[in-house]
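Q: Protein sequence lines, in the order shown, are assigned to chains S and H. Sequential numbering of the first sequence, starting at 0, is according to numbering that gives the first Met the number 0. Sequential numbering of the second sequence, starting at 0, is according to numbering that gives the first Met the number 0.
For the record, the hints were derived by calculation from the structure and aren't laboratory data. Any given hint could be a false lead.
Which residues of chain H face chain S? A few of them, derived with a C-beta cut under 7 Å, are [as the list claims (entries may be wrong)]:
no. : residue
1   : Gln1
2   : Thr2
3   : Pro262
4   : Ser265
5   : Leu267
6   : Glu269
7   : Ala270
8   : His283
9   : Val286
10  : Gly290
11  : Trp291
Glycine is no exception: its CB is placed at the ideal position from the N, C-alpha and C atoms.
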Amino acid sequence: MDPFDDDLVEAGPDDRYFDYCLEPYEPRRPWRGKLRAESLLWAALRIADEREWLEAPLRAVSTAVGRDLVVWGLKWDGRRIGLELYFYDPRKEDAAATMTAVGRVLEPWMKLEPQVRESIPYFMASLEPSADAVRAGRLEAMRLYLAGERGHAGRSYRLDASGFELENTYRFFDPRRDIEDVLALARASVFVDYGDRRVLAQVLPPELMACRKVCIAKKRRADGVYFSGIDVEALAWFLRRHAWPGTLVEIVLRHRTRFEHVWFDVGVDVRTDATSGRIEFPKSSFYGTM
Amino acid sequence: MQTPEGRFEPTRFEELTITVGFRCHSACKFCIVREGMNDFRGVPLERFASLAADNARHRRYRRVVLTGGEVTLEPALFDYLAVARTGGFEHVRLQTNGRRLRDAQFARRLMEAGVDEFFVSLHGPDAATQDLVSEREGSFDEAWAGMCNLAAMGACLMTNTVMTSLNADRLADIVERVAPLRPVRMEFWYYLPMEDVEDRRDLLVPMAELAPRLRTALDRCVAHGIEAVVKYVPRCLLGEHGDRLDNAQPDVVIAEDFYEHYPKFSCLWEARCEHSEHCLGLHHPYVHKYGWEQDLLVPQPRTRPWRAPTWGPAAPVDRPGRRHLPVHPDERAEGHAPWRALVEGVAERHGARLAEVLLQRRACVFRFEIGDGGVDVVLTARSENGPALVRTASFDVHYRNPSGADREACIALVRDAARAIATRDPGGMRLEARKGLVGAEARRSAAR
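Chain S extracted, bound-state conformation:
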């Protein structure tokens, strides 16, 4: 038996399907007998040797906030897999989804050190729990996401002991109907040199532009591009393109017919390397809910 079979979680009749903005969607295909996207979360944490440290706090958070209502993001910088959890409550309706409440849930494993003023109108917040954080018994930072603009857009602030710092701004688009806006915002870049006509296709590859939503982010050290609503074949292409650990790619491929009902979300940080002039992707990520 494959050790990773333990990580596979079957889809159930009460599952709800959300994208990484916690917007609901209809599964692409019938889900019966198939797998929840969180199977890949557990497999990735096992590959990163972090599962034993993180499983208990993650399950506690999921129980407190609600099944399927916690968004997870797995990040890969070519060396290690990292995790970020996202909590949405744009209307401030759910006391369990505030950072103060999530911090209380996590406290047995890691103390959330920054104290957030809950009157800040954040619609989303995120944390980066890790084995190191559990070993240290504390989480030093969180992120808050605020809107306030027309359309589907926002900006994120990092909060730690030194205070708030603006980290990025971002905007969502329909990749087909809003294509002029996508191109305009993507090309308005200090980090990516679009002089070579092939660069645009590297940043917006056709395999991922067949998505449901695209998001362009402007960050402090790179641009970010996110593709929401891709199928498992595109996810596998994405993971291979960004050289994720082969074991994880194999799991996706081996079980691809059992992930065919899921829309996945992926993203990259992108910039032009000043020395070589080549496009580089210092970070890639994919998302699901648990």
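Got chain S sorted already, so can you dock chain H onto it with the hints?
A: The following block gives chain H in isolation, referenced to the frame of chain S:
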């Protein structure tokens, strides 16, 4: 086009392609089944016989296309042709490299066996070009002799040129060379890399270089009165020849995993362009090599709202030599008669009109117009527990896209149509979810 929902490409659902075998005596550099030659199995004769028998009953396909590999190398080819004659097909097309047709007696036997359309590969105007492409010395001379034989016999000759970096500057010369043979049609297909997606063979030619040469070749076709068809080139690059774009492909029976490697297409201007339902844009290997060409491609502004596709468009009847003539209403009405009969009289009872019958691979769509709106009644293959308005002997019946002010009239029409289909469905009408070869039956090695 590739969308979140999948691939949507125009398909000629009235045409069935049978991959007879996967052996070839040429080795064209661009071949989409070079590796498949070592592995794929052709469609077994008994499988084709079953499809033909089904077609004889339900007249789903008007044309059968036999292809390979090189179909003329198939020892049982005349058995396949005998089966084709029993299948109720109006046309039998042979897709061939033409080399064996140099034997006039063999070519005549093929005609006598029922082949009425020869679709012959021609990738250069001379031996130097074509033999370089086919990697077989003498292949051009043999194919040319074969085409001359067909012309002498008065056969329906069509040519197919795959456009690569090896022949992009010879397209007009190809037209000039073949024009004296009076081909009914010349087709020009942009190269689809399936096994060399990174184009290590350097066969992909940039559209900016290809397009003017292709337009010149199309001008020559017009001058010679030869019908021309283009595939896989963005329509906006064809200038006044835009209506020669026809990306439709038939229903193909082949190893299913063939399509896992089949290039996907996209265009950044999909939602902007009037022609995006039928123009595919650029294939992904091209985009990776040369970029999106977002400045070269110029969308024609849409006159109707763009909707994300949920069904692939069905291509119209293919009529070699008559492509640009309007289709006579009687000719359209004849199509798919047994399918049309399922709802005969329904529209009239409701003051409606059956505007179209779209017989697709996985669905039959009856498109009704009623009042200021309409509704589609859709048949899919019968399931045991899938959602359906009504389940008949062969089908699950659904409806979609009801529109117009009189919703009650729409509902009454759908109910009547569902009743009529349930009553008239004889059972056994085929809407297969999967028609290709899968698993061991698809593989030569596994079949041993």
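Q: Close enough to count: is the Cβ of Val286/H nearer than 7 Å to one in chain S?
A: This hint holds: Val286/H lies near chain S, its Cβ roughly 5 Å from the closest one there, short of 7 Å.
Q: Does the nearest C-beta of chain S fall within a distance shorter than 7 Å of the C-beta of Gln1/H?
A: Nearest chain S Cβ about 4 Å off; hint holds.
Q: Does the closest beta carbon of chain S sit nearer than 7 Å to the beta carbon of His283/H?
A: Holds. Min distance 5 Å.
Q: Measuring from the C-beta of Thr2/H to each C-beta in chain S, is the shortest one below 7 Å?
A: holds (6 Å)
Q: Using Cβ atoms only, decide whether Pro262/H comes closer than 7 Å to chain S, and label the hint accordingly.
A: Hint violated; Pro262/H Cβ to chain S Cβ min 10 Å, cut 7 Å.
Q: Closer than 7 Å between Cβ atoms is the bar; does Gly290/H clear it against chain S? Give me holds or violated.
A: holds (4 Å)
Q: May I ask you to test the interface hint for Leu267/H with respect to chain S, counting a Cβ-Cβ separation under 7 Å as satisfied?
A: Since the shortest Cβ distance to chain S is 5 Å, the answer is holds.
Q: Please verify that hint: Ala270/H, Cβ, nearest Cβ of chain S, below 7 Å or not.
A: holds (4 Å)
Q: Verify the interface restraint on Glu269/H: the C-beta must sit less than 7 Å from at least one C-beta of chain S.
A: holds (5 Å)
Q: Given Ser265/H as an interface hint, is the shortest Cβ-Cβ distance to chain S below 7 Å?
A: holds (4 Å)
Q: Against chain S, run the beta carbon of Trp291/H and see if the smallest gap drops under 7 Å.
A: holds (5 Å)
In summary, the one numbered hint that this structure violates is 3.
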